[in-house]
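Undergrad: Now for the letters of each chain:
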Amino acid sequence: MHVLPGILLSLALMSVALAPAQARTNWPTPPVVVDTNPQVSGPLTGGTADHRKFEILQKPFASGPDVTKACLSCHTETGKHFMKNIHWTWDYKDPVTNQQLGKKYLINNFCTNARGNEGMCAQCHAGYGWKDESFDFTNEGNIDCLVCHDLTGTYYKTPNSSGNAACSVMFEGKPAIDLSYIAQRVGLPERANCGACHFNGGGGDNVKHGDLSTALKSPSRELDVHMSPQGLNFACTACHVTKDHVWAGSRYDVIAKDEGGQGKPGQRRDVATCESCHGVTPHQSGSIEHRKLNHHVASVACQTCHIPAFARGGVATMMDWDWRTAGKTKDGEGYHEHGYTQGNGQERYTYKSIKGNFTYAENVVPEYAWFNGQMHYTTIDSRFDTKAQPIAINAFDGSRDDIRSRIWPFKRMHTWLPFDTGNGTLVYTHLWGDDNEAYWGNYDMGKSIARGMKDFGLPYSGQFGFVETISYWPITHMVAPKEDALACRECHAQNGRLDTVEGVYLPGRDRNYWLDLAGVLLVSGTIGGTLAHGLMRRLLRKHHKGENH
Amino acid sequence: MATRRVLIFSIFERFWHWAQMALIMTMLVTGFAIHGLYVSIPFDTAVTLHTLAALALLALWILSTFWLFTTGNWKHYMPTSEGLGQVLRFYSYGIFQGERHPYRKAYWRKHNPLQAIAYLALKLVLFPAIWISGLIYLFYFAWGDVRFAAAGLEWVALIHTATAYAILAFVIIHVYMLTIGHSFAAHVAPMLTGFDEVDLTPEEEAYLTADEPSHIR
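Chains as they are written, first to last, in the working numbering: chain V, 132 to 680; chain Z, 425 to 641.
For the record, the hints were derived by calculation from the structure and aren't laboratory data. Please note that a few of the clues may not be correct.
[Said to hold, decoys possible] In the SDA-like style, the derived pairs of lysine to any residue whose C-alpha atoms are separated by at most 20 Å in a straight line are:
(1) K613/V - T472/Z
(2) K395/V - I560/Z
(3) K423/V - I486/Z
(4) K200/V - A477/Z
(5) K529/Z - T472/Z
(6) K423/V - I560/Z
(7) K374/V - Y517/Z
(8) K423/V - D468/Z
(9) K215/V - I448/Z
(10) K423/V - E578/Z
(11) K585/V - A574/Z
(12) K423/V - A477/Z
(13) K423/V - D569/Z
(14) K423/V - G618/Z
(15) K423/V - S557/Z
(16) K423/V - A566/Z
Bear in mind that the values here come from a model prediction, so they are computed numbers and not experimental data.
Take the sequences, apply the hints, and build the full model.
TA: This is the structure:
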């Protein structure tokens with residue numbers, strides 16, 4: 132009786148210590164209350180079928196794909212639709228730069244790369260069993276319907292391949308999934324469904340985006356006026372409107388300035404912009420102030436004023452990650468250190484052997500810059516000048532003179548990433564795997580890179596170092612209620628939020644030093660002159676008792 | 425020639441003066457707040473007041489310009505060099521010697537030569553500079569997309585601000601002038617009551633007494 136709790140405790144501690152992704156701690160998704168306060172899902176309302184009444188779902192299912200088969204037997208065209216979307220393909224080619232983007236290929240400055248680590252990373256792929264290059268993207272039977280449509284909060288995913296033995300413990304001891312129960316209780320995705328992955332990108336709660344955290348599962352009105360159950364109770368798809376399982380709104384294809392607004396009467400616009408609901412003259416009282424604010428729409432993104440800070444609501448975001456310190460062990464074992472307690476009381480790791488050092492922040496004031504929606508990524512193929520650090524993982528275009536640009540808020544993520552010093556390229560690291568080259572378990576970065584590059588036939592000089600990188604995350608969620616929008620002087624002031632934004636004359640911020648000096652001299656000189664004149668009159672009048680008109 | 429108290433500022437003129445005073449003071453206080461010289465007024469409040477006051481002032485100016493030309497009062501502002509030297513000499517020297525102001529208000533000429541030139545310059549240089557630059561500034565939303573608009577706005581703002589400083593200096597001198605001679609109150613009184621002491625020819629006196637008895641005391 133005394134041994135069992137001890138074993139459980141040590142297992143629990145190990146799992147915490149070695150957790151390569153905090154995402155896991157958010158499985159299963161917390162139960163959502165069905166029907167009592169349904170979330171609003173854009174043009175779709177759901178509720179046209181009670182899945183408990185479908186015979187095909189009233190049986191035990193041996194596996195997820197079996198459920199999918201049942202789903203597709205009624206939703207006959209959905210598989211074909213679904214396989215076109217990015218949640219399935221993880222693949223996006225930028226039509227302007229022709230860069231090959233998508234999670235399948237990209238390097239980010241968090242957990243580096245999904246490629247080669249799909250066994251772990253593809254837990255967030257909306258499919259079953261992607262663990263390596265052999266995954267069949269043409270088999271609609273591999274689609275995971277439940278991860279998005281489960282409304283019971285009891286569904287969860289585990290890695291598609293086993294990692295190092297030390298890692299696998301953290302996926303043990305989960306409650307069994309009752310697939311039949313879940314399949315009968317599906318519905319339109321709620322925030323918790325999308326959030327299972329999108330709130331936990333980068334390996335933990337709000338690590339990556341800064342404006343997407345578990346606090347949005349049930350946010351206060353102050354945190355997010357649209358998503359709050361006290362407000363509009365929007366599901367993600369209320370804005371990310373969906374057509375044939377393709378969603379509007381993408382970080383690869385950003386609409387920085389939407390001049391289409393609400394569209395023509397009756398026209399449906401498949402965009403996730405603020406303007407698609409609020410129009411292009413959103414401040415409607417007709418007052419001088421509102422007219423003036425409407426003029427700002429041409430040059431300032433809605434998000435700039437209406438999201439005063441990100442990482443609000445008690446969940447911190449990661450601002451800095453240092454891979455240089457990863458790999459330290461105690462007695463040959465990996466370990467972690469707490470060092471940050473966030474607003475909601477939860478502890479966050481500030482060091483993990485498998486990842487390095489982290490810095491967190493909350494209620495972060497964004498950085499602001501002109502942005503026209505176009506990103507330029509540093510991909511695995513990009514060669515860079517190692518002296519020109521930091522390297523922008525995703526540089527972006529925009530300026531005052533670019534008609535498509537507006538001033539946008541960004542989270543700026545700073546990371547020391549491993550790179551190939553010989554070739555001047557970023558590298559794929561082999562983090563996940565039950566082998567002696569996976570970094571998570573062996574802590575040998577050199578081996579991990581060599582394997583990560585070799586698996587995809589990529590050149591590696593054999594020498595690695597660490598490079599400073601920056602990634603930019605346009606901030607667009609956590610929209611505050613209007614009374615919390617920025618006051619004018621947050622920007623129209625010296626040392627204000629837009630202090631570094633160039634190309635505009637900003638009243639209150641900008642002034643000509645010499646003009647102001649001349650003006651102050653003129654005014655003070657005039658006052659001084661009149662005082663002197665008056666004083667002379669008073670003094671000299673004593674000598675001349677005559678009339679003084 | 426007799427010195428009598430005569431109505432020289434009609435009720436419209438007095439309304440014009442005081443409304444303009446209130447609006448210009450509002451514009452100055454809110455304008456320099458927008459410029460960022462002080463932050464005690466919220467920016468949105470300052471912008472709203474500045475804009476409303478500007479529109480009201482423009483309306484007032486249109487009205488007063490119409491009035492000046494329809495009533496013939498524009499003639500009071502015609503510049504003249506005659507007597508200008510004497511007035512300048514008085515303010516820079518004679519005043520300290522206890523001399524009497526050299527100018528006598530006439531019924532057909534209520535401003536001394538220095539006043540006439542100063543007010544004319546205000547009407548023809550400073551006011552147009554500020555309202556033209558102000559309107560261009562206000563309508564930035566309509567031309568913000570043209571090439572070099574941002575640089576253009578900077579120049580507009582520069583002219584607007586420079587003119588504002590000049591108008592502030594004018595206001596200071598204008599108010600100081602009221603302290604010269606009789607009491608401050610005595611100088612302000614004509615702009616309140618409309619009546620001031622004017623040298624009248626016998627013909628003017630006879631005309632006013634006979635035909636405009638309410639204009640002469």
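Undergrad: Work down the list of hints and note, for each, if the structure agrees.
TA: Here is how each hint holds up against the structure:
Distance check on the hinted pair: K613/V and T472/Z sit about 19 Å apart at the alpha-carbon level, within 20 Å; holds. Of the supplied pair hints, the one linking K395/V and I560/Z is violated, its CA atoms being roughly 32 Å apart against a limit of 20 Å. Simply put, K423/V and I486/Z have alpha-carbon atoms about 25 Å apart, too far for the 20 Å limit, and the pair is violated. For the proposed pair K200/V and A477/Z, the alpha carbon gap of about 71 Å is over 20 Å, so the pair is violated.
Simply put, K529/Z and T472/Z have alpha-carbon atoms about 41 Å apart, too far for the 20 Å limit, and the pair is violated. The straight-line distance between the Cα atoms of K423/V and I560/Z is roughly 14 Å, inside the 20 Å bound, and the hint therefore holds. Taking the CA atoms of K374/V and Y517/Z, the gap is about 87 Å. The hint is violated against a cut of 20 Å. Between the alpha carbons of K423/V and D468/Z the distance comes to roughly 9 Å, so the proposed pair stays at or under 20 Å and holds.
This hinted pair does not check out: K215/V and I448/Z have alpha carbons roughly 64 Å apart, beyond 20 Å. Distance check on the hinted pair: K423/V and E578/Z sit about 18 Å apart at the alpha-carbon level, within 20 Å; holds. With a C-alpha separation of about 52 Å, the suggested pair K585/V and A574/Z falls outside the 20 Å cut-off, and the hint is violated. With a C-alpha separation of about 16 Å, the suggested pairing of K423/V with A477/Z holds against the 20 Å cut-off.
Distance restraint check for K423/V and D569/Z: the Cα-Cα separation of roughly 16 Å lies within the 20 Å cut-off, and the hinted pair is therefore satisfied. With a CA separation close to 41 Å, the supplied pair K423/V and G618/Z exceeds the 20 Å bound. As the CA atoms of K423/V and S557/Z are separated by approximately 17 Å, the hinted pair is consistent with the 20 Å bound. In summary, the hint linking K423/V to A566/Z is supported, as the alpha carbons are separated by about 12 Å, within the 20 Å threshold.
In the structure shown, a violation is registered for the earlier hints numbered 2, 3, 4, 5, 7, 9, 11 and 14, in ascending order.
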